[in-house]
Every structure is written in C-alpha cells, then in structure tokens.
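Number of protein chains: 2
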Amino acid sequence: MNKIFNIGIVGLGQIGIYLYNELHIKKKEIEKKTGNKIQIVAISAKNINKKRKFKINRNIFYKNPLRIFDKNKIDILFECVGLSDGISKKIVETALKNKINVITPNKTLIAKHGDYLARIAENNNVNLEFEAAVAGGIPVIRTLKDGLSTNKINKVYGILNGTTNYILTEMEKTGETFHKVLKKAQQLGYAEPGNPKLDLNGFDAFAKVRILSALSFNNLISKNDCIMEGIENIDIKDIKIANQLNMRIKLLGISKIVNGKLFETVHPCLVGKNTYIGNVNGVMNAVITQGYPVGESILQGEGAGPGPTSSSLLSDLVSILRGNIKKPFGLPSNKRKKINVLSNNEYTNSLYLRFEVKDRPGVLSKITNRLAKFKISVKRIIQTPNKRNNKATIVIITHKTTESNSSKCLSIFKNDKNILQKPILIRLYN
Amino acid sequence: MNKIFNIGIVGLGQIGIYLYNELHIKKKEIEKKTGNKIQIVAISAKNINKKRKFKINRNIFYKNPLRIFDKNKIDILFECVGLSDGISKKIVETALKNKINVITPNKTLIAKHGDYLARIAENNNVNLEFEAAVAGGIPVIRTLKDGLSTNKINKVYGILNGTTNYILTEMEKTGETFHKVLKKAQQLGYAEPGNPKLDLNGFDAFAKVRILSALSFNNLISKNDCIMEGIENIDIKDIKIANQLNMRIKLLGISKIVNGKLFETVHPCLVGKNTYIGNVNGVMNAVITQGYPVGESILQGEGAGPGPTSSSLLSDLVSILRGNIKKPFGLPSNKRKKINVLSNNEYTNSLYLRFEVKDRPGVLSKITNRLAKFKISVKRIIQTPNKRNNKATIVIITHKTTESNSSKCLSIFKNDKNILQKPILIRLYN
Chain H
1 MNKIFNIGIV GLGQIGIYLY NELHIKKKEI EKKTGNKIQI VAISAKNINK
51 KRKFKINRNI FYKNPLRIFD KNKIDILFEC VGLSDGISKK IVETALKNKI
101 NVITPNKTLI AKHGDYLARI AENNNVNLEF EAAVAGGIPV IRTLKDGLST
151 NKINKVYGIL NGTTNYILTE MEKTGETFHK VLKKAQQLGY AEPGNPKLDL
201 NGFDAFAKVR ILSALSFNNL ISKNDCIMEG IENIDIKDIK IANQLNMRIK
251 LLGISKIVNG KLFETVHPCL VGKNTYIGNV NGVMNAVITQ GYPVGESILQ
301 GEGAGPGPTS SSLLSDLVSI LRGNIKKPFG LPSNKRKKIN VLSNNEYTNS
351 LYLRFEVKDR PGVLSKITNR LAKFKISVKR IIQTPNKRNN KATIVIITHK
401 TTESNSSKCL SIFKNDKNIL QKPILIRLYN
Chain P
1 MNKIFNIGIV GLGQIGIYLY NELHIKKKEI EKKTGNKIQI VAISAKNINK
51 KRKFKINRNI FYKNPLRIFD KNKIDILFEC VGLSDGISKK IVETALKNKI
101 NVITPNKTLI AKHGDYLARI AENNNVNLEF EAAVAGGIPV IRTLKDGLST
151 NKINKVYGIL NGTTNYILTE MEKTGETFHK VLKKAQQLGY AEPGNPKLDL
201 NGFDAFAKVR ILSALSFNNL ISKNDCIMEG IENIDIKDIK IANQLNMRIK
251 LLGISKIVNG KLFETVHPCL VGKNTYIGNV NGVMNAVITQ GYPVGESILQ
301 GEGAGPGPTS SSLLSDLVSI LRGNIKKPFG LPSNKRKKIN VLSNNEYTNS
351 LYLRFEVKDR PGVLSKITNR LAKFKISVKR IIQTPNKRNN KATIVIITHK
401 TTESNSSKCL SIFKNDKNIL QKPILIRLYN
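Read top to bottom, the protein sequences are chains H and P.
So in our numbering the end of the first sequence lands on 430, straight run, no missing numbers.
So in our numbering the end of the second sequence lands on 430, straight run, no missing numbers.
Check each hint, because a few of them may be wrong.
Remember, identical chains collapse to one label, so a pair may be satisfied in a single copy or spanning two.
[Said to hold, decoys possible] The calculated DSS-like cross-link candidates involving lysine-lysine, where the alpha carbons are at most 27 Å apart (straight line), are:
1. Lys-326 with Lys-152
2. Lys-155 with Lys-417
3. Lys-173 with Lys-273
4. Lys-273 with Lys-326
5. Lys-99 with Lys-337
6. Lys-422 with Lys-337
7. Lys-326 with Lys-28
8. Lys-32 with Lys-327
If you are wondering where the hints come from, they were derived from the structure by calculation, not from laboratory data.
Note that this is a predicted model, so its numbers are computed, not measured.
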C-alpha cells in the first residue's frame, strides 16, 4: 500500500480538462479511499495555448503524446482525445503494450477496436477501463461486469444519447422544428457546434449498443450491418401526432438475443407516454436490462457532459488503485464467442406510417390494399383532410410485421403521384 | 489462477436453498468468468428434513453451523440465516476471524453490527460483502462503493421495501383495505406469513437506509433515534383522496445531509403521480442518489425474492473469486467518521392532514386558527360533508413546517370532542 501511481492525461478538451481539475480536487479523497497516492506527471494536447477553463501546469505538458512514455514512468493513462482510430488508438495500444493501465471514455475506439485492445491488456496484465464510454455518469459497464455478472441477460436497451433525447424533448415541449431546436442545443453545449452528426444519426448510440451487447451476452463485438437511424428526419408533425396518440418519439438503442441470435439496432421509436422509457426526458440516459433471475433492472442518470463523464473516469481510477485487475469485458477474451446475428429482415415491429396524399377518392383504398397484399394488418387509421389545399394526412398504425415485408410494401409508393412524399415510417416499441 | 475455493452455506431457507441451486447451475459460468474453481463443501440448517424446493447433498450437511469450521477449510461463507444477532452474528464473526470471506444478504445484521464486523474483516484482510442486503437484485452497494465512489453525495432515497410497495400499489388498484391486501400479499409470498411486521413498520427499510447512509456519506453507521413509520395505519380513504389530488402514497426511505448533519428516516410520503418515484409500483425497488458532479442517478429493479437476492449474492462471489479485496464500506474503518445528526424536530415538510369532524359551525375555523397560531400556512383545504351522519372530512395541505411545530400544533386535537379521531398526518415528498 501507499504506492505512488503516476498519471498521464492525453487530450485536454472539455472532458480532459475537467478530469484534470477533478484529479486535483479529489486527490486526498481518492487516496483515502484506495490507500495509494496519485500524481499527474504528464499531460498532452494539440495546443498548449488554447483557452481552457482550468489552468494547466506547463512544466508537464507534451505536444507529442507519445513522448510521454519516453520521459516518464506512467502507471495509468487517460485517453481523452476521442477518435476511433489515429492517435487515440496509437496511444492506447502503446500504453497497454508498455504495461500501463488505460482509462478512456472513448466509445467509438472501444466499439471498433475493443476486442483487439482487450487482448493486449490481458496479455500484459493491465486494465483497460471504459466506464465513461456508455451513458456518462451511470455505472452501467460495472453493473454488467460485476453487479449482474451471473445473470443470463437477454435484452439491454435504452436511451443512450443525451443530445438527441434533449432535442426530441424540446421539440415536443416547444413545437419548434428539428433545426431550430438543434441550434438551441448547440448554444447550450448539448450538441457539438461543429459537427453534431455522429450524435444525430445514431452513430454514437450505436457504438454504445455494441459495447453493451458484448458485456451483456459475452460475445466479441459484432461488426455486422444493422439498422441505424437517427433523428435528423424527425418532423415536428410526427411528434404532434404522437402526442395525440399518447405517445412520444425516443431514439432507442436496442440489443437482444432472438432465438440465440444477436440483434442490434438504433432507431427512433414511438413509446407510450405512460411507460417508464417514455418519461426519460431531456439529457437523461437510461439503460434497461432484462435478465434471469434478476428480472428487469433500470439505471438512469445524466448521460453526457464533463461532470458525469469525469465521475465514471474516476471510478475506473479508484478501481485500479484498489488493485482490481479485471478483464476489460468481464471474462477472458478467449472465452468470448463470435455470435450469430439475426438478419435485419427478420426484425418485427408495429409501425406508424404517415402518408401525405391528394384528397382523391381511391387513395386510401390503394394504400390499404397494398398493406393487405403484404399481410400487414391495420390497427388504427386516422385521416385528417386539409380542405384548403385538397390534401390529406393519413396515419396508419399497423400490427407487427417484418422489416423485409414493410420495405417491400412501401417501396411502390414513391412512384405514386397521389402520394406527395415518401411515406414516414416510425417503429413502435414493443 | 485456477485455485479451488471451498464454499459453505449456512441457512437453507428460501434464499439459501435458491442460492445452493444457482451455485450448481452457474458453476461453469462463474469459473469461466473468474478463472477460479468453486465447490460447495458444507451446508447447514436447523432441520435437514424440512421440505425444500431443491434437493440437498446430505453428506455435507451440518446441524450445528459452527462445526463447519472445524471439519472443513472454508474460503467463502454465505450467511443466509437472517437474524440481527444470535447465530448469524456468531457465524459471521467466527468466519471473519478465521480469515474466511463472508457474503450475506442480512441487512439487520449489517445495520446493527456492520462497523464491528467490517473491522474484523479488514484486520484479517478478507471480504465482508452484502450487496444483497439492500434492494435485492439492484447492485446499489457496488454502485456506491465503486461506480459513484468519487462523487460528493448529499442525498440517497427511494423505495426500499417491495412488500409495502406491493401493498400500497394493490390498495390503490383494488380499493381494498390494508388488511385484505396484506392477506393477498402473504398468499403470494410477498409478505411473510408468520410475522410481516418488520416489513410493514418500516424496520426493514430503515436498516437499508442506515447502510446506504454509511456508503454514501462515508460515516460510521448511525445509531440515533429516527422518525420511523410504516404503512400499517394507511387507510384506503387516504389513498383515494391522494388519488383525487393526483398523488400516490409511497413508503420512502430517505437519508440526506442537511447543513453538514445526517438525517435518516422512513415514513409514508405523498408523491406526485407524474414523478418518477410515483411510478415505481408493485414489488419494484428504486434507489435515487444525488451527487456532484454526477447529478441524479436512479437504480430500479426487483427488490425482493430469491432470484434477485441470489443475483446479488453471486455478484459478491464473483468479485471475491476475481481477487478483489475490498473494504466492506469502501474505505478503511479508521477513515470513516462519526457524523452529527440533525434533530428530528428540525425535519421540514409540507403536510397532508385529514380531520374527521362533526359538521358544526366553528370547527373548521378552530382548526385553521390553531394552524395559524403555529404559523403553519395552508395551501389547500378540501371539506367534504357527509349529510347523512352530520359529519365531515377536512383535508388540509400545508406549506412547509417543522416536525416539532406540527406535533405541538396537532397534539391539542385529541381532546376535542368535535374532532372524532386523531388527525391523520402524511408528509409530502419535497
């Protein structure tokens, strides 16, 4: 006990700098909790002169992050750059090979190279920790690896991206369009000012789904093509109609085992307003697991921002300082299996379909006939005419049907001149 | 690696026997996840012939649990007897002193003797794990010790008892009285058939509150007298009135730091139907923490029953098999402090007051004058006359006032012949 651990931090953006500050503030408490001492011996970022929220110690600054390893004996490295490849991968790889523990909030790195990096960590008997990679401050990685470790989990899903959840919540609340609310989110720091695309198109949530699957089902991270849809095309009109149907639109990440096969997806879902998930609003994240014998477990908390992220980064640090050597994915890499995947075509849902049509006789029957041809049975139809311009909105809620069926069925409508735009399809959460 | 760990189980009631079975089913998976082997070498219960759900191996059965230690080299002992003292304490004490790791779901033992037992465990460098003691399958202990370990937590509260939450939910749903629903709960196995008192009077939830406080605030377990009220006196009438007010009654366990002082309590609360906690129904448990920088975190799951409990017991086992030596309360006992407590009198709430009165002039004004005298200001009054018997029900929702104030104010009414029964007081959750 009372060993001194040397810490390096690479990347001093919003998260890295907050962490740097927290490590100073919490130094004594961390030492009390773990019986070991810490000191930051090296930091690195592209630009030493960038305006930062907290002052940095220039004496331990490196422009080239790889130089850190030459000049110092590092015990624990925080990777806070955030790329899926490039320097992020290089640093983590180099550190692990040099028997240095790595802590990272980098979900895209782990989702893409997690298996490879885990093997290096195991071979070198060091830790690769990534609690902050999924759902910010919610300790869901730890919960799956430790707390629920002996349960047979068959499903894990939830709201995994705070930015999109904030936007959807705000659209419903204000009635404003996606683009207006996105701007507000950027001003508030909830969405990246430069390129918010990876949040909006579901990519960020999808990386988290891949990581959750691996931890829940003990499989190697899957690489298959999946249904991944974001919220860029969510129209305020659908949010309002959902509201009338006592539902809300949420961007869900879903991973489940169906007949022994893995199915992963991210897409907007209509969920009931009276359900749990329908009430996780704003920047909150929630992860729900279904397991045996534990039943359904819910974890909810703030999913983004430097505070929650730093909370998770420090929990990883405390774990390492306490001497807990852990396999990055809970069990040894050679015991993790490749898992067969369910074809996207077999994915089954009730659907919300919205058609904007010319208000002419026969249009509705053409739609319903087409649905009938594909054995898609209708649960509910709401037709709202707009007398002024002789148009109408037809909303149809269907019973369950497969992806393959629905895409075949709907494909024809893009060539129909009575149907004024591509039909809107939003899946219902079952 | 590949060490063989000898396991003993003392207590083969509902939980012990389920665990015994699970250990057989999950043996391989546990060994795969931890790289070590396990074998059950000793079991003990009062009665070998009792009818049990799963068959036991009689060759390793001991009537006297203390004999287990003489005859075997035990590495890990499960204490599943469940008493706060007596044989439960004796076994755990003996095991720890003999450098045997202990795992227990026994909340009353930990709430009463946890500090003492933790010291023995630390001195002998073995683990005392009690994940299953609070909120069944929800890994809340682990989350506080590890996942949120560096956050400054200022409040932890929630629904900590599945039995009472089931009863309250069922009363609301069916409109049946407490006693009728209690019988149903007993038939379904949600409430103990013999003596359900410890669930109903808040004692069980209170033990959990004490444990949560110690983990959240790093204090020694407090021993002070607290406000502890159960649900035995909850009248279906109040549930119905709450319903009209768009509220529900929930038994909450609350622990918080107010001006640096600890305040712990368990009592029924009126909560909004549109709040998160107001929608945790049935046997579900939920624990909510407020911390900095992580913000609000929620953990929800099944709070009782052998399945969820066993899930937590096995998570403790996996942790020990992975070689994680941990302080039972997260930090060394000598670093845990005695904490000053807030006087119950200073506890402040809005109140729901129900008076059953003779419908005579001046009765209401007498009540409101009395409230005014104690500066308890009224937010809302609902008076419902019952013409047939010349009586009336007066419900008053007050603004915030202290316990000391409200008890002084209400004391007078028991001697008033126009007030037909002791006023009902239920606190509102703020």
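key: Structure-inconsistent hints, enumerated in ascending order   = 2, 4 and 6
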